[in-house]
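Colleague: Residue numbers (my numbering), protein chains in the order written: chain A, 1 to 136; chain B, 1 to 136; chain C, 1 to 102; chain D, 1 to 102; chain E, 1 to 130; chain F, 1 to 130.
Rather than coming from a laboratory, the hints here were simulated on the basis of the structure. Watch out, some of these pointers could steer you wrong.
[Said to hold, decoys possible] No farther apart than 25 Å at their CA atoms in a straight line, the calculated lysine to aspartate or glutamate pairs in the DMTMM-like style are these: (1) K98/F - E117/E; (2) K79/B - D96/B; (3) K75/D - D95/B; (4) K98/E - E117/F; (5) K84/A - D72/C; (6) K62/E - E105/F; (7) K63/A - E57/E; (8) K6/B - D107/B; (9) K53/A - D96/A; (10) K25/D - E85/A; (11) K84/B - E111/B.
[As the list claims (entries may be wrong)] Facing chain A, from chain E, some residues (calculated, C-beta under 10 Å): (12) F21; (13) S110; (14) Q114.
Owing to the predicted nature of the structure, the values given are computational and were not obtained by experimental measurement. For glycine and all other residues, C-beta sits at the position ideal for the given N, C-alpha and C.
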Amino acid sequence: MENDAKRFLYVNRKAPYGTIYALESLEVVLIGAAFEQNVSLAFLDDGVFQLTKGQDTQGIGVKNFSPTYRALGDYDVNKLYVEKESLEERGLSVDDLQEITYEDEDDDWEEKPSINIVSRSEMADIMANQDVVLSF
Amino acid sequence: MENDAKRFLYVNRKAPYGTIYALESLEVVLIGAAFEQNVSLAFLDDGVFQLTKGQDTQGIGVKNFSPTYRALGDYDVNKLYVEKESLEERGLSVDDLQEITYEDEDDDWEEKPSINIVSRSEMADIMANQDVVLSF
Amino acid sequence: MSTLHTVNKSPFSTQSLVSCLGHAKDGDTVLLIEDGVYGAISQSGISDAISARATEVNLCVLQPDLEARGVDAAKVVEGVNLVDYSGFVELAAKHSLTQAWL
Amino acid sequence: MSTLHTVNKSPFSTQSLVSCLGHAKDGDTVLLIEDGVYGAISQSGISDAISARATEVNLCVLQPDLEARGVDAAKVVEGVNLVDYSGFVELAAKHSLTQAWL
Amino acid sequence: MKFGVVISEGPYTHQASDSAFNFVKAAIANGHEVPRIFFYHDGVNVGTRLSVPPQDERNIQKQWTEIADENCIDLVICIAAAQRRGMLDENEANRQGKDANNIAEGFRISGLGQLIEMGIQSDRLITFGD
Amino acid sequence: MKFGVVISEGPYTHQASDSAFNFVKAAIANGHEVPRIFFYHDGVNVGTRLSVPPQDERNIQKQWTEIADENCIDLVICIAAAQRRGMLDENEANRQGKDANNIAEGFRISGLGQLIEMGIQSDRLITFGD
């Protein structure tokens, strides 16, 4: 990563499928990965629903894009922050989310989790510590 | 009014200007008036904001359509139901709303108020007692 | 005379479900569709309020929308009924009126 | 390092303002625009929660949006500052970061 | 039973037109009629023939054109909503002095009266929006 | 100061593009620069030249075309978002085998990289959406 890379945060606060924001946010993240900035993703409020496992969209005739989150590691996008309070309010725990991992090139390519569960106050710190915030 | 007229209720739950629904709802009401059905309008939740007086849109560069509500009486649309609880939750009273009247042809063209403040439970009764509900 | 109410918004984001439940009459059906299906998740911050209404009002959730969002049917609040699109159509036919809480 | 947060939704309809205020840091500015300006009305069901934050956070409301909606400046919660579009621009320039709570 | 359907949001952005499509398919399969669908607000954008969705996604406009053709459904786009949003048929384009039009086969542009008429003539009216 | 602006919602339906316009006008009046505006999601629909708003309403597309022309603002419409929603320029129409295009003067269609680039090159990035 270049020294003058900017810290980019993609903020996801909306549920998938009801609206297109989650999908089109992911499209920005994938394209943005080529720019070698310092990228993080935040999932809070209804955005945490984007990461649930077992999504099956056959019955609604819409493409299931949830597998794409698991590919983020291949694009060197491996900082996914999920807010604990948002999960709890929605009756969810980390067990309801997909497992998303990346291979750490600085640690002998060990497979590590990309999802970090953070408190609301930690999420506020993450948000404050950015150069660019893109909201979806 | 014909005997086989249907009861049409236009339900307004959104604030004006932030989105176009309030304006385009009004356009349906005006066109619909020509069909001589039994028309009522419901204003609840943020829909009560549509009727506030003193709207001045010069600063945002968007057309002020609030005077149109006062013309509804000329189209024989004179049943505007506004939910009391929705007003109160928003710090509003009937004094914050425009005065909207119609001339009652069955009562020597006396000018009467079109706005009826109703309780949530009365609003529920009004909604239940319709043939067609159009939501905006 | 009864009404099928549809709610398509997450109750964690908007007030639509609360407003709908505050206006639905006994004997009406409230059907959760699209992002509205999140209202059927048990042990959430609002699930008690939902199940409290499940006796007077027929609460339903659209299963294809539930599956799309990865919500296991076992996680649905007790008393909420699962329907498919065909069931949605027949609910609309059975009730004399349909109202969308957009 | 501080942030200008914009909120464009009515707090009576959505959770955006609540979520924003729950994440804004002391010294940040929260600017209410578009339908968000309804959050500045005094004596509403949420005005106490708003004014409680007005000491740590700089709460502002966009006056042209307030006027469009017929909300009298005299009705605005105490401690909330009125700004015009020029003021909006300078708030964005003054804070190092801008975040929209859509 | 005769269903009237209102679609208030644009394609892909909101699920409304997908939900309406699944509802209409099921209604027809169950032996009901859907004589007309009225596209209002951003719903008018469903009727553009210029969209090019990714290969692995559904083509919402084509789905409507096909189901309408097979079941004689009248797909009506509101003219007032369409004008604001840049949806035109050939007549409207000529009348407004525009050099192109973008409406798809099977859709027609007409007035809000068609919505009221649908409300009067249908046994049930159902709205899919945001 | 250099502002980058993102517009995420369509014209007339949401206030987003109006708010952005008022913000950009004020920014320029205050001596700031707005080198680029990026239209994403339904925001791409702002760039249609086929819209015919009522006489007594603002013409949102024309407002953008004019302010961009006067201040050298690069109005970029996201290609991926545009394709889904039926927004095409002449090149894209030819490439996709479409018989019409609808993009207005002053707008250009390009990739999402232009959004990231805007984020990198701007001092501040501000989003107007829903």
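Colleague: Take the hints in turn and mark each one as holding or not.
Modeller: Hint by hint, here is what the structure shows:
1. Using a Cα cut-off of 25 Å, the hinted pair K98/F and E117/E is violated, with the two alpha carbons roughly 34 Å apart.
2. Proposed proximity of K79/B and D96/B is supported: the alpha carbons are some 19 Å apart, at most 25 Å.
3. With a CA separation close to 13 Å, the supplied pair K75/D and D95/B stays within the 25 Å bound.
4. Between the alpha carbons of K98/E and E117/F the distance comes to roughly 34 Å, so the proposed pair goes past 25 Å and is violated.
5. Distance check on the hinted pair: K84/A and D72/C sit about 20 Å apart at the alpha-carbon level, within 25 Å; holds.
6. Restraint check for K62/E and E105/F: not satisfied, since their Cα atoms lie roughly 29 Å apart, outside the 25 Å limit.
7. Restraint check for K63/A and E57/E: satisfied, since their Cα atoms lie roughly 6 Å apart, inside the 25 Å limit.
8. A hinted pair counts as satisfied when its Cα atoms are at most 25 Å apart, and K6/B with D107/B qualifies at roughly 24 Å.
9. With a CA separation close to 6 Å, the supplied pair K53/A and D96/A stays within the 25 Å bound.
10. Simply put, K25/D and E85/A have alpha-carbon atoms about 17 Å apart, close enough for the 25 Å limit, and the pair holds.
11. Restraint check for K84/B and E111/B: satisfied, since their Cα atoms lie roughly 23 Å apart, inside the 25 Å limit.
12. The interface hint given for F21/E is met, as the beta carbon of that residue sits about 7 Å from the closest beta carbon of chain A, less than 10 Å.
13. Given the 10 Å rule on beta carbons, the hint for S110/E is violated: about 28 Å separates it from the nearest Cβ of chain A.
14. The beta carbon of Q114/E is not positioned within 10 Å of any beta carbon in chain A (closest approach about 27 Å), and the interface hint is therefore violated.
The structure fails to meet hints 1, 4, 6, 13, 14 from the earlier list, while all remaining hints are met.
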